[in-house]
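There are 2 protein chains.
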Amino acid sequence: MQKKLKDIGEFGLIKRIAEAERIFDKEVIVGIGDDAAVIKYKEGRYLLLTTDMLIENIHFDKKATPFQIGYKSLAVNISDIAAMGGIPKYALVGLGLKKETSVKFVDEIYRGIRSLAKKFKVKILGGDTVASSKMVINITLSGEVEKKYLTLRNGAKIGDKIYVTGALGGSILGKHLSFIPRVKEARYLVKNLHPTSMIDISDGLLSDLKRVCEASKVGAKIYQEKIPLSKGVISLAKKKKEDPYQLALTGGEDFELLFTLSHHPPLYPLPSREGKAEEGFILPSKVHITQIGQITKRGIVLLDEKNKIIHLRKIGFDHFKDVGS
Amino acid sequence: MQKKLKDIGEFGLIKRIAEAERIFDKEVIVGIGDDAAVIKYKEGRYLLLTTDMLIENIHFDKKATPFQIGYKSLAVNISDIAAMGGIPKYALVGLGLKKETSVKFVDEIYRGIRSLAKKFKVKILGGDTVASSKMVINITLSGEVEKKYLTLRNGAKIGDKIYVTGALGGSILGKHLSFIPRVKEARYLVKNLHPTSMIDISDGLLSDLKRVCEASKVGAKIYQEKIPLSKGVISLAKKKKEDPYQLALTGGEDFELLFTLSHHPPLYPLPSREGKAEEGFILPSKVHITQIGQITKRGIVLLDEKNKIIHLRKIGFDHFKDVGS
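Residue numbers (UniProt numbering), protein chains in the order written: chain X, 1 to 325; chain R, 1 to 325.
Heads up, none of these hints are tricks.
The list cannot tell twin chains apart, which means a pair is met if one copy fits it or any two copies do.
The calculated lysine-lysine pairs, modelled on BS3-like cross-linking and capped at a C-alpha distance of 25 Å, are:
#1 K134 x K62
#2 K161 x K221
#3 K63 x K3
#4 K118 x K26
#5 K134 x K15
#6 K15 x K98
#7 K104 x K118
#8 K147 x K42
#9 K210 x K297
#10 K217 x K157
#11 K4 x K62
#12 K134 x K98
It is worth saying that the hints were derived from the structure and are not from the lab.
Next up, chain X with everything else stripped away, as it sits in the complex (with noise of 0.2 Å):
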């Protein structure tokens, strides 16, 4: 039988093409497998180049305001030059729609890349709009980072403490059409404590870890009670009866930093509270960072607050195959 893609997966299907994609270039210092591509650029500085694909039905439905897309549609690809220790730059917008759709609509589209464009002072240079019988846009990124800040997935040495920005979980309640993508933190964390390695997690707690651990060659154990869950999480779990920790852990789309310290960051503790094994510190932003688990040699694994080792039932989100899988 002839292999599908929903047999090999998303991740199948990178491997494969990064495998074939092998680069000889002087100027390519990253190119398939990192949140953006790295290229030589100006004295002391690369270009970064990233981009996303968002799709009617699958990305975003029929709820989603046209604001909302265009708004989460760059969101997207800024967190991703984040992830990097970059400050995006440039867009350029590949939009296809139906004929029937009104000009308000495209407006509104727009109205939502502006605004986020605005606050984060990205120019929109130019794109391509074509008829499409599905609401498509694809928005392609660069952005610049000094070569000192760059920060991959690659860097996580065993023993490095592993961090997560902000609350997981819940992305699906709506804050993956909204988020503040993490451009501040990160450049304060790149600056000021010098990450191992940084990765946004798009896919998932567990899933973007194991791209880092297999970009590192290293394993890593997460303590599962230590898991900042946002307050939509806790709510969505009661409703569907779930352990908001599982939906945590495999929830795609919350768009916070996830990376690893080598050294006790010089940063205010976060307050401890009662019955929480919160352990963290606060960013200058207000934002929260919480340690959730240790570099490790090999091996992903979960550990309850007893240590003990929790089973895992899927990893993430993956486009290509069905839940559970």
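Let chain X serve as the given structure and place chain R on it in line with the hints.
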């Protein structure tokens, strides 16, 4: 009644976006409104960025092989970089695919992309792959150009001669899936003949000429019988019992270069053929360039061999408008 995209058309939409997107950034040389965006880069060079979205049943149909789809999706972007006088460098590939797509089909798309990438030394640096009910492919390409060789749409001057490379029309017969982007020719032109303006013919000769005229604030007269017709368009016109010139003037996706010169090019002239008013030259790559008209003060007119104005039924391809409107 609410305005629909099909009412304002693709050009109407682009104008609408460009007007709202006035850019005041000293790093941006050209934003929306040319074949590629132009940004400050290394000493003596500009960075070029362009993106194109191709959609199933619009830009390719079931008869196109996945190899051809991949090939074309990169070729249209390389053509944009060529039209700026630049050299293509790095590509990002956004792919929307059905879950049922075979892995072999995706491999073939990439084989098509790579075959052309290799020819032009383009490196594929990454991308995004998502599930989609219709196939979508969106390639973003960066390039670079020496400052002195950058050629825009807005430099045509009254009295300049108008040229095209190669022969026009009939791309519908398959050339649009296998054309070789005119990088070599464009590079020769910018280094040796210094065109005052240049564009690639993606939406039809008249349609793209209109863009040059609008950007340069000039007009143009085109001598219909001077237009170099492809063999394909001559046989197609016979079959369809249509005027081959009409097809060549309005057919999209030729991906030849349209450019203007202020002087007589110091090149080998084309051998004159009996009964043929061809007036052109041979580039070192053996590709012909043909003079088809002249830049005027205003308006675009098409003239027959007796210098009489030919009525223009339609001016080119618009993604959102129906043919003939």
